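Participant: Per this note's numbering, residue 8 is the first one in the sequence shown, and the count goes up by one each step.
Please note that a few of the clues may not be correct.
Here are the computed distance ranges between Cβ atoms for each label pair [claimed, not checked]:
1. G31 - S108: 44 to 54 Å
2. A84 - R49: 19 to 29 Å
3. T60 - A136: 24 to 34 Å
4. R137 - D233: 18 to 28 Å
5. R30 - E105: 39 to 49 Å
6. S53 - A84: 25 to 35 Å
7. E105 - T220: 26 to 36 Å
8. A73 - E110: 12 to 22 Å
9. D233 - A73: 30 to 40 Å
10. G109 - D233: 34 to 44 Å
11. Q197 - S53: 18 to 28 Å
Calculated cross-link-like contacts (lysine-lysine; reagent style DSS-like; alpha-carbon spacing at most 25 Å) [said to hold, decoys possible]:
12. K85 - K135
13. K43 - K204
14. K25 - K85
15. K85 - K43
16. K25 - K43
Hints listed in this document are in silico derivations from the structure and should not be mistaken for laboratory results. Just so you know, these numbers come straight off a predicted model, no measurement behind them. For glycine and all other residues, C-beta sits at the position ideal for the given N, C-alpha and C.
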Amino acid sequence: MHVIVTGGSSGIGLEVAKLYAARGARLTLVARDPVKLENARRELLSSGRIQDTDIHIAMADVGRDADVSAAIAGAEAKLGACDVLIASAGIVEPGTFETLSGEAFAAQVTTNLLGTANAVRAVYPGMKARGRGRVMIVSSGAALIGLHGYTAYCASKSALTGFVEALAFEAAGSGVGISVCFPPDTFTPQLEGELAKRPPQAQVLMGKAPPWTAPAVAERIVRAIDRGAPRLYFGFSITALGLFGSLAKPVLMWWYTRKPS
Numbered sequence: 008m009h010v011i012v013t014g015g016s017s018g019i020g021l022e023v024a025k026l027y028a029a030r031g032a033r034l035t036l037v038a039r040d041p042v043k044l045e046n047a048r049r050e051l052l053s054s055g056r057i058q059d060t061d062i063h064i065a066m067a068d069v070g071r072d073a074d075v076s077a078a079i080a081g082a083e084a085k086l087g088a089c090d091v092l093i094a095s096a097g098i099v100e101p102g103t104f105e106t107l108s109g110e111a112f113a114a115q116v117t118t119n120l121l122g123t124a125n126a127v128r129a130v131y132p133g134m135k136a137r138g139r140g141r142v143m144i145v146s147s148g149a150a151l152i153g154l155h156g157y158t159a160y161c162a163s164k165s166a167l168t169g170f171v172e173a174l175a176f177e178a179a180g181s182g183v184g185i186s187v188c189f190p191p192d193t194f195t196p197q198l199e200g201e202l203a204k205r206p207p208q209a210q211v212l213m214g215k216a217p218p219w220t221a222p223a224v225a226e227r228i229v230r231a232i233d234r235g236a237p238r239l240y241f242g243f244s245i246t247a248l249g250l251f252g253s254l255a256k257p258v259l260m261w262w263y264t265r266k267p268s
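Sequences and hints are given; from them, build the entire structure.
Facilitator: Right under this line is the structure:
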């Protein structure tokens, strides 16, 4: 089994890779930073659960279609056709809409939305031709509700829901499974930088639940892939928003706009 993980050099992506390494899968990690990629490769090899010949690292910016396409084509040439894609690459830069530059806004949309589509595009035709494969798209709990200071991030992550729903209809009956998951705040290097910029208005909603560990999130994701779950929510709050958002969000907005300053 060949598993490709974008954003696989750290955080949730790397933890997912570790779980598949323990199963004896062949692994490709795709990320932008060559140093982090090499460190991730060494960490996986040090576990003794995967051989050097069964792991491939590819430096690519998922926001560049040609780059990620070439990286994944090279990975498939080396390790075989992709059986499972976990599209985990993502970035976040909090900031109110009027203070967030157009460049920063576009960067989040490019990586989180277009980067995901680019990665899927690189493997989906082959999966469909073979009649088998699984795609798991890592969205965010922030896709389920608008958050103060997260206009770009919420827009880019919520758009993935529409992408997944449309692609799942197109993939119906093909043997290719399309899934999406909505992780909560997760202890990763990226979260540390995000928290330093998170507006207090957002923390009012997001800070009610403690962050999850990356291994715990990864374990849930891999189990969801195993059982072919089309959607995966984490924890009570995110599950409630995912299942009952049309009822819950007006109440939350009413409470938020009337809370003491």
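Participant: Now, for every hint given, state plainly whether the structure supports it.
Facilitator: The hints, checked one at a time:
G31 and S108 have their C-beta atoms about 45 Å apart, which keeps the hinted 44 to 54 Å range intact. At about 23 Å, the beta-carbon gap between A84 and R49 stays in the expected band of 19 to 29 Å. Distance hint check: the CB atoms of T60 and A136 are about 26 Å apart, consistent with the given range 24 to 34 Å. A hinted range of 18 to 28 Å for the beta carbons of R137 and D233 is consistent with their spacing of about 19 Å.
A hinted range of 39 to 49 Å for the beta carbons of R30 and E105 is consistent with their spacing of about 48 Å. A beta carbon spacing of about 26 Å between S53 and A84 agrees with the range 25 to 35 Å that was offered as a hint. A hinted range of 26 to 36 Å for the beta carbons of E105 and T220 is consistent with their spacing of about 35 Å. Here the CB-CB span from A73 to E110 is close to 21 Å, well matched to the stated 12 to 22 Å.
Look at D233 against A73: about 33 Å separates their beta carbons, and that is inside 30 to 40 Å. G109 and D233 have their C-beta atoms about 41 Å apart, which keeps the hinted 34 to 44 Å range intact. Take Q197 and S53: their Cβ atoms lie about 23 Å apart, and the range 18 to 28 Å holds. Among the hinted pairs, K85 with K135 is consistent with the structure: their alpha-carbon atoms are about 20 Å apart, no more than 25 Å.
Proposed proximity of K43 and K204 is supported: the alpha carbons are some 23 Å apart, at most 25 Å. Restraint check for K25 and K85: satisfied, since their Cα atoms lie roughly 20 Å apart, inside the 25 Å limit. Distance restraint check for K85 and K43: the Cα-Cα separation of roughly 21 Å lies within the 25 Å cut-off, and the hinted pair is therefore satisfied. The suggested pairing of K25 with K43 holds, with an alpha-carbon distance near 15 Å, which does not exceed 25 Å.
The structure shown violates none of the earlier numbered hints.
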